[in-house]
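Participant: In case you want the letters, here they are:
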Amino acid sequence: MSQCASPAIKRYVRRLAVLMTLYLLILFATKWIFDAAQPSGTLAYALAVAPALPLIGVFWAVMRLLMEETDEYIRLLFVRQCLFATGFCLTVVTIWQWLQNFDLVPPGNGGFGAAFFWFLGLGLGAVFNRVTMGDWGNLW
Amino acid sequence: MKNRLKVLRAERNWSQQTLASRLGVSRQSVNAIETGRYDPSLPLAFTIADVFGMAIEEIFLRE
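Going line by line, the protein sequences match chains A and B.
The first sequence begins at 1 in this note's numbering and counts up one residue at a time.
The second sequence begins at 1001 in this note's numbering and counts up one residue at a time.
Keep in mind that the hints are not guaranteed to be accurate.
[As the list claims (entries may be wrong)] If you want the ones that stay clear, here's a sample from chain B, every Cβ over 10 Å from chain A, calculated: (1) Gln1028; (2) Ala1032; (3) Ile1033.
[To be verified] Below, in silico cross-link-like pairs of lysine to any residue (SDA-like), each with a Cα-Cα straight-line distance of 20 Å or less: (4) A:Lys31 to A:Lys10; (5) A:Lys10 to B:Glu1057; (6) B:Lys1006 to B:Leu1044; (7) B:Lys1002 to B:Met1054; (8) B:Lys1002 to A:Gly113; (9) B:Lys1006 to B:Glu1057; (10) B:Lys1006 to A:Asp135; (11) B:Lys1002 to B:Ala1049; (12) B:Lys1002 to A:Glu72; (13) A:Lys31 to A:Ala50; (14) B:Lys1006 to A:Gly134; (15) A:Lys10 to A:Glu72; (16) A:Lys10 to B:Ala1049; (17) A:Lys10 to B:Met1054; (18) A:Lys10 to B:Ala1020; (19) B:Lys1006 to B:Ala1020; (20) B:Lys1002 to A:Met133; (21) B:Lys1002 to A:Leu24; (22) B:Lys1006 to A:Met133.
None of these hints come from the bench; they were simulated from the model.
Heads up, the beta-carbon is just placed ideally off N, CA and C, and yes, glycines get one too.
With these hints in hand, go ahead and build the complete structure from the sequences.
Facilitator: Structure representation (structure tokens):
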């Protein structure tokens, strides 16, 4: 982020840093607990879902950024990035689903969930912005 | 939409950053408006007009 980033972007970066730190801590803790203690029942479900919570938090942080950014052009770039990311993610998982429907690819997703492709789509969305609008946007 | 932002800015010897600060937007926004890549909302157009002390139609022109 540049030094002239808006207050909304600075808040987004702070939230992202906290959430990503939490994500890594929870991810490694959960993996360690599953390997060491093989939890079952409700605890297993709770632990399995735990790493998803900071990622959901990132979706919230993005929503807050879109609501708090007062520069309408910068907000437009962010919205375009999000729309591109959503379209990209839906495209990938839809294609993957149909490949699975006809048993052309193995079941499962190799650990790459929709969130992975959405975040990847944000990066590609920035490239899309650069090509079509001349500016990257900063949402990644 | 065409606009006279670059000319009006040059007449006042303002940089894009100076104008951006007066408008409360980013330099990227000023650049995008100047180059016609982005048409501002009506509230921002009014703010631009206020900063230059002109009417909106004196700054923004029909194609």
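Participant: With reference to the structure, classify each hint as holding or not holding.
Facilitator: Against the structure, the hints come out as follows:
1. Against chain A, the non-interface label of glutamine 1028 of chain B is violated: not every CB pair exceeds 10 Å, the least being about 5 Å.
2. Its beta-carbon lying about 5 Å from the closest one in chain A, alanine 1032 of chain B breaks the requirement of being farther than 10 Å from that chain.
3. The Cβ of isoleucine 1033 of chain B does not lie farther than 10 Å from every Cβ of chain A; its closest approach is about 7 Å, which violates its non-interface assignment.
4. Pair hint lysine 31 of chain A plus lysine 10 of chain A does not hold up; C-alpha atoms about 32 Å apart against a cutoff of 20 Å.
5. About 36 Å separates the Cα atoms of lysine 10 of chain A and glutamate 1057 of chain B, which puts this hinted pair outside 20 Å; it is violated.
6. Proximity of lysine 1006 of chain B to leucine 1044 of chain B is assessed by CA-CA distance (about 16 Å); at most 20 Å being required, the pair is judged to hold.
7. Between lysine 1002 of chain B and methionine 1054 of chain B the alpha-carbon distance is near 16 Å, which keeps this suggested pair within the 20 Å criterion.
8. Annotation: proposed proximity of lysine 1002 of chain B to glycine 113 of chain A is violated, straight-line Cα distance about 45 Å (limit 20 Å).
9. In summary, the hint linking lysine 1006 of chain B to glutamate 1057 of chain B is supported, as the alpha carbons are separated by about 15 Å, within the 20 Å threshold.
10. Restraint check: the Cα-Cα separation between lysine 1006 of chain B and aspartate 135 of chain A comes to about 19 Å, which is no more than 20 Å; the hinted pair holds.
11. For the given pair, lysine 1002 of chain B sits about 15 Å from alanine 1049 of chain B by alpha-carbon distance, which is consistent with the 20 Å threshold.
12. For the hint linking lysine 1002 of chain B to glutamate 72 of chain A, the alpha-carbon distance of about 19 Å falls within 20 Å, and the restraint holds.
13. Of the supplied pair hints, the one linking lysine 31 of chain A and alanine 50 of chain A holds, its CA atoms being roughly 11 Å apart against a limit of 20 Å.
14. A hinted pair counts as satisfied when its Cα atoms are at most 20 Å apart, and lysine 1006 of chain B with glycine 134 of chain A qualifies at roughly 18 Å.
15. Between lysine 10 of chain A and glutamate 72 of chain A the CA atoms are separated by roughly 16 Å; this keeps the pair inside 20 Å, and the hint holds.
16. A hinted pair counts as satisfied when its Cα atoms are at most 20 Å apart, and lysine 10 of chain A with alanine 1049 of chain B does not qualify at roughly 29 Å.
17. For a cut-off of 20 Å, the pair hint linking lysine 10 of chain A to methionine 1054 of chain B is broken: about 34 Å separates their Cα positions.
18. This hinted pair checks out: lysine 10 of chain A and alanine 1020 of chain B have alpha carbons roughly 18 Å apart, not beyond 20 Å.
19. Proximity of lysine 1006 of chain B to alanine 1020 of chain B is assessed by CA-CA distance (about 12 Å); at most 20 Å being required, the pair is judged to hold.
20. A C-alpha spacing of about 16 Å is found between lysine 1002 of chain B and methionine 133 of chain A, which places the hinted pair at or below 20 Å, so the restraint holds.
21. For the hint linking lysine 1002 of chain B to leucine 24 of chain A, the alpha-carbon distance of about 49 Å lies beyond 20 Å, and the restraint is violated.
22. In summary, the hint linking lysine 1006 of chain B to methionine 133 of chain A is supported, as the alpha carbons are separated by about 19 Å, within the 20 Å threshold.
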